[in-house]
Amino acid sequence: MSPPFDSFDSPIEGCASDPAASSQHLLVLANVSRRRFVRGLSAFSGLVIAAGFRAGARAADTPRKYGADSMPHGWVDNPLVFVAIGQDGIVSIACHRSEMGQGIRTGMPMIVADELEADWSRVRVVQAPGDEEKFGNQDTDGSRSTRHFFDPMRRCGAAARQMLEAAAAAQWKVPIGEVEATHHEVIHKASGRRLGYGALAKAAARMPVPARDAIRLKDPSQFRYIGKGELKLVDGLDIASGKAQYAMDTRLPGMHYAVVARPPAYGGKVKHYDAADALKVPGVQRVVQIEPTTPPPVFNPLGGVAVIANNTWAAIQGRKALKIEWEDGPNATYDSAAFKSTLEQAARKRGKVVRNDGNYDAGVAAAARRVEAEYYIPHLAHATMEPPAATARISQGKCEVWGCFQSPQAARDLVAKRLGMSPKDVTVHVTLLGGGFGRKSKPDFGIEAAVLSKAMAGAPVKVVWTREDDLQHDYFHTVSVEHLEAGLDAQGRPVAWLHRTVAPTIMSTFEANARQEANWELGMGVINVPFAIPNVRIENPEAVAHTRIGWFRSVSNVPHAFAVQSFVAELAAAAGRDPKDYLLEVIGPARLIRPEMLSDTWNHDESPDRYPVDTGRLRRVIETVAHEAGWGKTLPKGHGLGIAAHYSFVSYVAAVVEVAVDDKQGLVVPRIDIAVDCGGCINPDRVRAQMEGACVMGLGVAMQNEITFSGGHPDQDNFHTYTVPRMTEAPAEIHVTILPGDFGKPLGGVGEPGVPPIAPAICNAVFAATGKRIRRLPIGDQLKA
Amino acid sequence: MTKLSINGKQHDVDLPGDTPLLWVLRDHLGLTGTKFGCGMALCGACTVHLDGKPARSCTTPISVLAGKQVTTIEAIGTDAVGKAVQAAWVEVGVPQCGYCQAGQIMSATALLKDNRQPTDADIVSAMAGNICRCGTYTRIRSAIKRAAATQGGQS
Chain A
275 MSPPFDSFDS
285 PIEGCASDPA
295 ASSQHLLVLA
305 NVSRRRFVRG
315 LSAFSGLVIA
325 AGFRAGARAA
335 DTPRKYGADS
345 MPHGWVDNPL
355 VFVAIGQDGI
365 VSIACHRSEM
375 GQGIRTGMPM
385 IVADELEADW
395 SRVRVVQAPG
405 DEEKFGNQDT
415 DGSRSTRHFF
425 DPMRRCGAAA
435 RQMLEAAAAA
445 QWKVPIGEVE
455 ATHHEVIHKA
465 SGRRLGYGAL
475 AKAAARMPVP
485 ARDAIRLKDP
495 SQFRYIGKGE
505 LKLVDGLDIA
515 SGKAQYAMDT
525 RLPGMHYAVV
535 ARPPAYGGKV
545 KHYDAADALK
555 VPGVQRVVQI
565 EPTTPPPVFN
575 PLGGVAVIAN
585 NTWAAIQGRK
595 ALKIEWEDGP
605 NATYDSAAFK
615 STLEQAARKR
625 GKVVRNDGNY
635 DAGVAAAARR
645 VEAEYYIPHL
655 AHATMEPPAA
665 TARISQGKCE
675 VWGCFQSPQA
685 ARDLVAKRLG
695 MSPKDVTVHV
705 TLLGGGFGRK
715 SKPDFGIEAA
725 VLSKAMAGAP
735 VKVVWTREDD
745 LQHDYFHTVS
755 VEHLEAGLDA
765 QGRPVAWLHR
775 TVAPTIMSTF
785 EANARQEANW
795 ELGMGVINVP
805 FAIPNVRIEN
815 PEAVAHTRIG
825 WFRSVSNVPH
835 AFAVQSFVAE
845 LAAAAGRDPK
855 DYLLEVIGPA
865 RLIRPEMLSD
875 TWNHDESPDR
885 YPVDTGRLRR
895 VIETVAHEAG
905 WGKTLPKGHG
915 LGIAAHYSFV
925 SYVAAVVEVA
935 VDDKQGLVVP
945 RIDIAVDCGG
955 CINPDRVRAQ
965 MEGACVMGLG
975 VAMQNEITFS
985 GGHPDQDNFH
995 TYTVPRMTEA
1005 PAEIHVTILP
1015 GDFGKPLGGV
1025 GEPGVPPIAP
1035 AICNAVFAAT
1045 GKRIRRLPIG
1055 DQLKA
Chain B
42 MTKLSINGKQ
52 HDVDLPGDTP
62 LLWVLRDHLG
72 LTGTKFGCGM
82 ALCGACTVHL
92 DGKPARSCTT
102 PISVLAGKQV
112 TTIEAIGTDA
122 VGKAVQAAWV
132 EVGVPQCGYC
142 QAGQIMSATA
152 LLKDNRQPTD
162 ADIVSAMAGN
172 ICRCGTYTRI
182 RSAIKRAAAT
192 QGGQS
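Taken in sequence, the protein lines are chains A and B. If you read the first sequence in my numbering, its first letter stands for residue 275, the second for the next number, and so on. If you read the second sequence in my numbering, its first letter stands for residue 42, the second for the next number, and so on.
Please note: incorrect hints may appear among the correct ones.
Listed below are the simulated BS3-like cross-link pairs for lysine-lysine, each with C-alpha atoms no more than 30 Å apart in a straight line [what the hints assert, rightly or not]:
(1) A/K545 to A/K594
(2) A/K543 to A/K597
(3) B/K124 to A/K517
(4) A/K506 to B/K154
(5) A/K492 to A/K502
(6) B/K44 to A/K594
Partner residues aside, some chain A positions facing chain B, computed with beta carbon under 10 Å [as the list claims (entries may be wrong)]:
(7) P337
(8) T524
(9) V738
(10) E966
(11) G967
(12) L973
(13) M1001
Calculated directly from the structure, the hints in this document are not laboratory data. By construction, the Cβ of each residue, glycine as well, lies at the ideal position given by its N, Cα and C atoms.
Bound-form chain B, shown alone (with noise of 0.2 Å):
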């Protein structure tokens, strides 16, 4: 039996403990937001928080995650970072298939809550793991600092 903390919440989940996170998420626990891409951490549309920094759950294996809060799409509006991330998306009209966004939403946040004023350069090198095929790089790149503004990172 595996204890894990997601979005304050605890599960205790009878599974192999090299399970990686993301099917338990999925498949077990019905937390569809976070996304299978690639199976190998090279996409980032399986991207969520451990302890507030972003990981890729299809390569983090459930026994690794004692101790640790997991958050994903699902909860990351109730944080106010991750509220204004999501807002800016929705009004910079980023999605265009929607598929990577989640995971593309996750790793903003967790720029922006570690540094809330980042160059054009802190934001491609954060958001470099994350493929969006549809090539919604430039809304992206708009609203993370749509998001940063609104959060006083800026005037």
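Excised from the complex, chain A in its bound form (with noise of 0.2 Å):
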């Protein structure tokens, strides 16, 4: 076995998804004895801290941890792990996120490369497999990859950097303080001596890992790449050029493709099938039964009938002349329309109280007036460009699965309990995700190729869910009423709040009874709200779900911030004054407020040391973006501007929209601004990506999707039917503003805080056009009616 920094002799381009690249280079970095530096070790394990939400409650004696501590597995900065540098000089690092679209296959290894003194143009990145105890926490979502693991990555890459540096003073026989590496080389200053780095590798190999408290990081004033935005993302090219390697595009020897006709109705089985037909299809191989799990769902597959063809379009073709009798099961009734009602009905009853500041019925009593208002937003779908995909195959004891996983960890443990297996004999290989949103979070696709590789006695199968089978078995958006009430006083200013929001949980995915929101979901912009009103009480009524729920893009921060937002304005227009003024009355001065004091026990799992609400950094993206889209200019006729700020992720975010509306071409959204305050900015090219893409998906979110249920199951089922943003709905200007932050602070997320406050500005800015006030999404052809 050679040794670990000579171990990349070519360079490794793009994601590890080809099967011939395979992950044998990682392996030998597997191999080597190392200092373990896995720190944070759950004694939780599997499914439900898939996703990072522990269903298990802490033993009252273990200190609570934070942050990447708080994930299963934690976090890693073993350079060993993650860096390998050939003799040829190329530095390989290895990316254990997912790469979903925002840039963390160039964000992370960046980190790495700064601190390592590494020429970019020598760096090449390398897609780890599915491996926490090695990586720590691979759990891609939750706004997280680079909040949870900048420090880690820092001292990774300055510890290898270190590392070159003893090597080349040993080498020289001088004071390992006279070296200095600098863009991959070693130079001795006295002498004018320098090694690069390719020499000076498989010396480096063999010293010693540096003690984390003599690690010597960079002040940030030296970042090369950090914070400047001028590095192209990694996968670029080969994008732009077709190469990019997708789950859906896994090609093995001997592969077999495989689509799956799934329960209509969540909870469903096959009563009868009959596969003759299909068997008749030109290319059809085989069919196979798929056996359902009991509920609760996890992420486990609907089962179904399968076809298994040597092509997709024979597959497809197959299933279309499968004859199946479905057993409907429990939720063959659920119905968007009368479940609209069931929680409405629930939201104008008293429910279980999260929050109760001051005396809320006290002080509405006491209001000169009230206002009342109730929101509705629907199930939302994820819809991935790339449906999601995996291609298993199974040999000598082992299975190996190519997959679009934002949780390579789940989706290994989960084939291995569903195969009998052990974990350590099943392999996940990480392509690049066409779209993750949070759908392909729940590896549910996954075990199905695994299933149907075993049923064809090991050969690779590709499962390939069509566009159909996105939109239909989808892990739901939630639906939820949100029921606001206030009192004002009598200079119109709020004195008294309710806020009762009602949703099925995304726990009933997990615990087939949860009909409570989790403290997590409360703590997405519903009790956490920092504003300064003495009487608040929100309560939480319970809701029973009909269908998989899962996370998607903000999670409940959608129709919280929806809510709130909207609510706020409305407050603003029943007081007459302006929305942005108001909106920072509302909030108050700037003053840092434990999260405890919310009631918010979750706070993101992050301290609430290191991490309390700061109303002051919300003030300032609200003046800022107000003072960017000119707040106060005039307008044509039949625009308006519409403004709503939201805390998530642990960043600040707001937004203004402009709308303008007329009789032919109905609603238009010209121009949105949006400010973000996410703390220091590693890649300000990607986050201002971010934050143009969460505009554009809030678009989405307030004007085009739902999906709704008839007879159990979605009635949407492509892009005709659930209706999603082009460039004809697009804002044709969307301005980010970034500000300015400090890398020696905490950070905070950017994948998906840009999303909450889109909706609500939009309707806002809707309401200021035209009068009328959305409350229910999307707005659809509500402002023709």
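Grab the two chains, each in its own frame, and use the hints to assemble them into the complex.
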């Protein structure tokens, strides 16, 4: 076995989803004995925590862990795990988080490379397989990759740099303090001698990894790449030339292609099926039944009937020819119109009190006037451009899976469980993800591939989800009714605030009888509103789930921010005040609020000391975006500006939307301004890109997206019925302002926080333009009614 | 047996005539750059060129391809306009997840080959069939303008 640092004798390009490239290089690293830096090993294992949502309770005497420490398998900062240097000087850096468009395959290795003083043009990125014991937590969701791994990745790069310096000093027999690594070589200043990283690789690999307290991090003023936003995406060229490898693109010798007919309603199963006609379709090879699991759904396959063929089209045609009689099960009557009424009834009665400040009843009784509104946000589907797909093969007691997984460790554990294997015998390769948005945190499609490979005696099988499969069998964003009431004093200021939030909980995906929102759903913008209102009561009546509920980009912040930020604007209108000024007044003066004071025990699993709610930062994004958008300017007839702000994933975002409404075109959004304060900004160009994307996704939520159920199954099945923004609807202009941050302070999330303020800002703009208040999403044709 | 001309190479494929070009490219010829997104010509991820015009390969049966030249993302860089569009995509940092971008690039290249100085309205009209769930539309627009400029369409 070669020593680790020279194990990469040729550049490895692109994504490791290519089976030929495989993970053998990383395997070399895995076999190297090393100091273990695994921290935060969790007692919890397996399913629920794959999402970072703990189901189990912490023992009372265990101190609570925060941030990356709170995640399963915590973090790893060992350079021998993440960095390999070839004798040709090529530096390979492992990226252990999944790339789904957020730019993590550029951003994370960039952090290592900067501290390592590596020349970016000689850096190659290698995608890590699912192996959290080795790499630390790999759940790519919750807007946490960078905020949890910035520090470990800095240490990782700095430690590798110091090992190179130690190797050079030893070779030259000079004190280590006399040498310095800079831009891919180590220099001895006194003598002018220099050695490239390639020449030092072998010797450096034998140097001890510096102890953590001996690691010398760069001063941020010395960063070459971090914070500059000048590096191009590592996958940009591959994407633009069609070479990038997604899960859909996996090809293995002797591979079969499968599509699955799944029960139309959640909880249904096959009563009877006839495969005779399907087997007559040219190319169809076999028809295999997949057994469903009992609820809760977790990440298990839904079951059904799979058609396996020698190409995808034949499999799709074969599935059309199947004759299946379904037993629909307990959710066969799920109907969105009826369920809306059920939620509304629940929202109009007292529910479990989840925050109680002052005395709402007394406050509202003494108020000069009372305002009430109710908001409805439907089920949403993720509709990633790449529908779920995975390929599996089993050979000699080992299973390999290639897939677009946001949580490759969960895929590994669950494939192992379903096949009755040890996770050690399952390798999960992470391809590029053609969109994720939370859907691909649930690896049900990977388990399907493994089950079907087993049915084919271990031959490789690729499971392809069609768009219809994707929209009919998603882990849907919940559906909610948000009921708000407020009392205003004689000056129009809010003195009492009541918010009842009613929505099937994501916990129902993990616990069959869960009916109450979890603390982390409530902590997404309903209990932790940092408003200067003396009497606040938040309630959470029960709701029952009738389909698989999952997390969608920004999760519960989407309905909560829509309701809260719409309602604040309604109060401003009631008070006859400017919405921006009123919003700032409701937030109150700049101050730090401990989340517990808002009854938020979750706080995105971040320390309340490091991450208090900072109303000064919230005010600043509002003031900034208002300035950038020209708040108060004169607009053409039919145009209006709306503003909204939201704190989520420990970042602060505000948006101003301009809408134009006329009789002919309906609603158009010509411009969105958005300001974000996420603390220090590693890759500003990608932060900007995430905000741009969030504006468009938020616009879809506001104007178009809706999954409705009839007879237990969704009514929408492709992009003609589930409409999403196209260039025709997208804003012509999006202006992003990133507030200056400080790398010495805790980082905020970026992938999700941009979405929540967009829908309320759009609806507030519609009100400004037309006087019509939208309380039900999507807007659809409500303006024409 | 159907004769196909793809990226300048001749292929004989023994498949039913109603087989969509998309699956022939992806499963039979290994040209996976052309993506599957909807199967109904609704999203544009599968866009290729037929004799230089954009077409959705997911609903194009191979039976209609006799005598037509098929160009896919894998070969669009051999065309000067296609190459300029790819370069602009990288320069502007258009892609996020990237899955739809092959289709976007094929539509954009077809637009610029037909119209060297597209207006905003021309761009929206030509690109309306291509969905991007990551929401990269403003950058797509910038990249098209940049490619137009580098092609001499503008100063």
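Cross-check of the supplied hints:
1. With a CA separation close to 17 Å, the supplied pair A/K545 and A/K594 stays within the 30 Å bound.
2. Using a Cα cut-off of 30 Å, the hinted pair A/K543 and A/K597 holds, with the two alpha carbons roughly 14 Å apart.
3. At roughly 15 Å between alpha-carbon atoms, B/K124 and A/K517 fall within 30 Å of each other, so this suggested pair holds.
4. Distance hint between A/K506 and B/K154 is fulfilled; the C-alpha atoms sit about 27 Å from each other, no more than 30 Å.
5. With a C-alpha separation of about 15 Å, the suggested pairing of A/K492 with A/K502 holds against the 30 Å cut-off.
6. At most 30 Å may separate the alpha-carbon atoms for a hinted pair to count; B/K44 and A/K594 meet this at roughly 28 Å.
7. Annotation: interface hint on A/P337 violated; nearest CB of chain B at approximately 39 Å, more than 10 Å.
8. This hint holds: A/T524 has a C-beta 9 Å from the nearest C-beta of chain B, less than the 10 Å allowed.
9. Interface restraint check for A/V738: the shortest CB-CB distance to chain B comes to about 7 Å, inside 10 Å, so the restraint holds.
10. Because the smallest distance between the Cβ of A/E966 and any Cβ of chain B comes to about 6 Å, under 10 Å, the interface hint for this residue holds.
11. Contact between A/G967 and chain B, as hinted, is supported at the beta carbon level, the nearest pair being about 4 Å apart and thus within 10 Å.
12. Checking A/L973 against chain B: minimum C-beta separation of about 8 Å stays under 10 Å; hint holds.
13. Interface hint status for A/M1001: upheld, as the beta-carbon distance to the closest one in chain B is roughly 5 Å, under 10 Å.
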